[in-house]
Amino acid sequence: MTDISYPQFLDLAAGVLLLTAIGVLWRHQLAPMIRLLGLQGVALAAIVAILGIHEHKLELILVAIGLGVLRAGVLPWLTWRALGDSPAETRETRPVVNVSASLLAAAALTFLAYVVTRPLVALAPSPATSVLPVAVAVVLIGFFALVTRRRAVAQVVGFLLLDNGITATAFLAAAGVPLIVELGVSFDLLLVVLVLQVLTTRMRAVFGSSDLDELRGLHD
Amino acid sequence: MTVIGWALAAACVLAGLGVLAAVGAPGRVRPAFVGWATAGIGVAGSVAGLAALRGETFQARLPGLLPLAGVQFDLDPLGGWFVAVSGGVLAAAAVYGVGYASHGHGPDARGVQAALPMFAVTVLLVPAAGSVSTLLVLWELMALTSLLLVLAEHRQRSAVAEAGWWYAALTHVGFVAILLGLVLYATSAGGGSFADLRAAHLSPGLRGGVFVLVLVGFGSKAGLVPLHVWLPRAHAEAPAPVSAMLSAAMVNLGAYGVIRLGFDLLGGGARWWWLLVLGLGAVSALYGILQAAVAADLKRLLAYSTVENMGLVFLGLGAAGIFAASHATTLAALALSAALLHVLNHAGFKALLFTAAGSVLRATGTRDLDALGGLRSRMPVTTALFAIGALGAVALPPGNGFGSEWLLLQSLVHARPTGGMVAAVAMPVAVAVVALTAGLAVATFVKALGVGFFARPRSDAADTADEAPLTMLVPMSLLALCCALLALVPAALGRTLSRAVTAATHAPADVVGGGISLQLAGIASTVSPLLIAVLLGATVAGVAAMVRLMTARVVRRRGAALWDCGAGQPTARMQYTATSFAQPLQRVFDDVLAPETDIDVTPHAASQYLVAQVAYRARVSDRVEHALYDPVLAAARRVGRLGPVLANGSVHRYLGYGFFGVTGLLLVLAVTR
Amino acid sequence: MTHTLSLLVPVAAPLAAAGLYAAAGWRRSTAWMGVVTTALLLADAAGLARTVLREGPIQTAGGLLRADALSAWMLLAIAAVALLVCWASPAYLAAARTEARRARWYGILMHLFIAAMATAVLAGNLGVLWVAIEATTIFTAFLVGHHRTRTALEAAWKYVVICSAAIAIAFLGLVLLYYAARHAGLDSDRALDWISLTGHAHQLDPAVTRIAAGLAVVGFGAKAGLVPLHAWLPDAHSQAPAPVSALMSGVLLSVAFYAVLRVKAIADPTVGPAYLRTVLLILALATLALAAVLLIGQQDYKRMLAYSSMEHMGLIALAAAVGSRVAIAALLLHIAGHGVAKTVAFLSAGQILHHYATTQITGVRALATRLPVLAGLFGLALLALFGFPPAATFASELGIVRASFASGLGWAVAAAIVLVVVAFAALAAHGARMLLGPAADSATVGAGDRSGAVALSGAIPLIVGLAVVTALGISLGPLDGLLHAAAAIVGAP
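Sequence lines, in order, name chains D, H and Y. So for the first sequence, the numbering used here puts the first residue at 1; every next one is plus one. So for the second sequence, the numbering used here puts the first residue at 221; every next one is plus one. So for the third sequence, the numbering used here puts the first residue at 894; every next one is plus one.
These are computed hints drawn from the structure, not numbers from a lab. Just so we're clear, the structure is a prediction, and the values are computed from it rather than from any experiment. Do not rely on the hints blindly, as some may be mistaken.
Derived coverage of chain D by chain Y (criterion: at least 3 residues anywhere in the stretch with Cβ under 8 Å from a Cβ of chain Y; other residues may be distant) [claimed, not checked]: (1) 118-126; (2) 138-148; (3) 151-164; (4) 176-182.
For every residue, glycine included, the Cβ atom is placed at its ideal position computed from N, Cα and C.
Full structure from sequences and hints, please.
Given below as structure tokens:
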């Protein structure tokens, strides 16, 4: 890959990362959300692979493959399993914030991300760090999705968006974190999603639905 | 080790033994063991205090205790005065408590008994504290142990828990004020020990702030209005020996704190400080005695009387401070001596009064004056002892309150108009206040003694009362003896008093002297309580003998008419009750007391115009509490209703808090540098 | 070699206990295994304390596991609380008539939880610290949901979601810190190492470190119960079984705050102490205010204890904001004293729940008349939480006040103390309502009201806990040197 097209490929992958995040905000149904999450996993793996190819580091490419398997394969599959069988369950009902407001918020958060990451980009300007604002925007949009989704599975999707954004930030800023930390983080993430999946299934059994508005029993 | 050291160490050892006895001893002997251990602590305290008053000093440092702070003791004659007073009261009340508890009427639970020796030892050690941290830790320990003691009878009455809550809350507020004031002082002085504080030079604003905070804190412990609302509740609901200890030993430490900080450590201070103290003292004295005058509950009456007397003590302190700020050192020493002497006198008669009230409560089961009466024939010794205490409380000769009030009045009357306009107005007003409180006090204690003990019993409980056992009567008699001695020869304390005053003001102060009469240095005034008492006694004896002589010859013939138109034997219902006795006063002071009356008319079910029942309720509640505390509590409850809004159970709201927090932080970081 | 062993035992011993429960289940013979392993943990912590005082910090595994005086103090606190909790667990599970399968999972997860906390305080690398703290969330998720009721499930969901989001934010902060460190010249396996970071603190870029430290403090602070991501705390602590609540309230919050202290030690030389001082002050005062407000109208006594934990963490955050050595020493003492006192409080609340079958404050009346021993223990634990001497909390709160005034933050601590008074009044009112009063006066009698004496074996761990809090409050004894050495590590002189 020549040095001219490397930033373009990077921008393309980052763009897909951001668009999938906004897509999650846009869609109402849970199955498309999980598909978009999978697509985002692929984009994330692509970013890491592009970085690896550019810097000629084999371990980065291997990490990219592992990331791709985890983020685009295992985690969306686990989330899919948490969906359950009934068709009523597959739809996100009455979002807390409606779609147009969500998209406006996403735009505002992207703007905030650009403003916030100015010192980060200024520290070591390079094609990789210039894409950092996109990663931070995905973090903020993921947090927003986490806050405003009503279905349990949608909240899990939001959380995974948040985490994808942070991983993208890690790789774009400093080519990842030490291997042992990366392994620990991935393992923790897997366990968290497993826990959430089990809790969602239990929630469906006990409450009858996985609508988070049912969870109002504990209050002051 | 000096005498003080041995005595304080003995007190600590006895406290440990007392706690062990409380936890380990079986129920029947527990009060006895703990009571005698506490009496021992009291005696040790008196020994230490008297040794300090003779001129010995004591210093000790224990840096290993109290993590991050260390503990330091420093006893001088001023502290010794308070230690001696507390020690005596504690010893008497503890022996009394043995009798009170072991006759099936009183707190013999393990926790309460364990708290008693700890309370005694902390009350003794507070005046011996030599550093900020030591004072604070002992103050809080004293608050904790006294709280447990106040809660002793919570199983019998539901009002006790509420009294305990008010006590805990207000004590904590007071502690916070003292904490902030003293830590501010220590930080500005660069060290926590009293020697560092004494040597520090602070700006006038800072010193004023420290003094106000400390006044709020120590004043709340002494029961100054408006922080007094815990006092009537706690002292009324606590068991009688505990009430005696609280009223006669613990509240004095509020005065100690103000003297130590204001005169000794801060070195005198500005005039406005002491005007504030004077004002608060005057208001407390008046308000306290007014509430006591209309109170129908015997212990509540005595508690409000404590508020009044502490008000008088603070009035004396304020006067002393104003004189000191105007460089009238003789008068300052006189006023301070009056205040210290009043602390001692009050401790004596108040302990006596509370213990007598306790024996009444034990015998009749009620504290309501409207249900007592006729106890003079059934409980003659208690009545006589109560009478001696009441005589002390009314501050007339031959009572022991007279000596200190006379000294106070002398200092106020002889004030020279050099202290500025405000001080010149304040002194005569103070004299008027003292006079008014004395008058009201007479009315109050005549009511208490007359309605409670004389005439006929107003209820069956009073009719079947028995005299208290010897273990209760002996300490009461000892207290009465002390009161009598203080009443007759107060001048004997002159040298001791001046040593305490000198320790506070650092100026020579030999103002009170004389043998059988009180003579004042620098002021041409003398009074001899002993002579007055002898004269009064002779007069009363002479009049009584003459009356006996003149009526001895008259033959009394009684006939009972068939229909006697009310000339027969008077019944119990024909007497004044406590409420009716206080009615004229209540009317006069209507605006201040704001009595509440409720009239409930219940009509018949059949018709609105036929009345089935009329219920009338009248009460005088604490107006300060209504005006000041109720709005605060209502506001707090309103704020508490925000709870369900903030934590409503919605996971979206919870995550939303975090989202706004994080984005807010990032925004602020982006905008600022 | 011995250093490696003493650093591995705190992690390996609880893991071994978890393995034992996985293999053999919860039985009469294995129920007391927990006490053995936590006693071993306590002994090892004491040994570590002596070693680091004599020789300085020790490390193993290339710096992944490291112990200095601060780690030793935290490990002692963890071990003490864990010992009390494991001691009380068999009685708790027996009284709750837990079935064997559920008890087995309880045993496994409890010890994995303890192992994760021990790893967190012994971590020499910030990444390992993060992984361990995230692991605690995972292991406690099913402990919170142990009771399988609706409310327990709801609490577990909220707990996992809020804490995972918070920890993810903290990870973003650590990633940015790694970026700054790499740019400052540290190579990849040193760039998250705490010693290297503090050594090169002056070379880190201030702007990036500001963002990183802010995010890390907010993220880890949420796990410590600070505003704004605090709302999981009352739900999780009220629904979890009492021993688990005790462990969470007692030490998990403190371990999360330990992470904040480590980050602060890196950020303060880089961006200046004023930045994190401001952040921590805002968080502390907001947490105190929230806790005070929510305690006023409280109706559930386990939530009440949870809000009390928030109040104490607010005080701890205030002490961290002050940042001087005296303040950090007071903070560490407060962690120890509050940890043990809160453990006793929660364990006795668990026993109250067994007797009264309700967590409503109005459902518990005249406890001192019905169950005097339990009332005494609960009351004494409450008194220790109020900060009355001779409990250690008095000494630590006094130390925090004095340190704040000495550093010029007197106004902040005065505001904090006023809020603490409000919380005290509310807690005292609720406690008085539960404990005091005549027995015949009680309006409601709980469905499970069995008036019987509390078994002595159930009371002994609580008595020991109260004795520890009292002893710490009277004199530190041999721990004094450890406390001051630990404070010197993260405290400004």
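Structure-based check of each hint:
no., hint, in the structure
1, 118-126, "holds (count 5)"
2, 138-148, "holds (count 3)"
3, 151-164, "holds (count 5)"
4, 176-182, "holds (count 4)"
Hint check: no violations occur; every hint is consistent with the structure.
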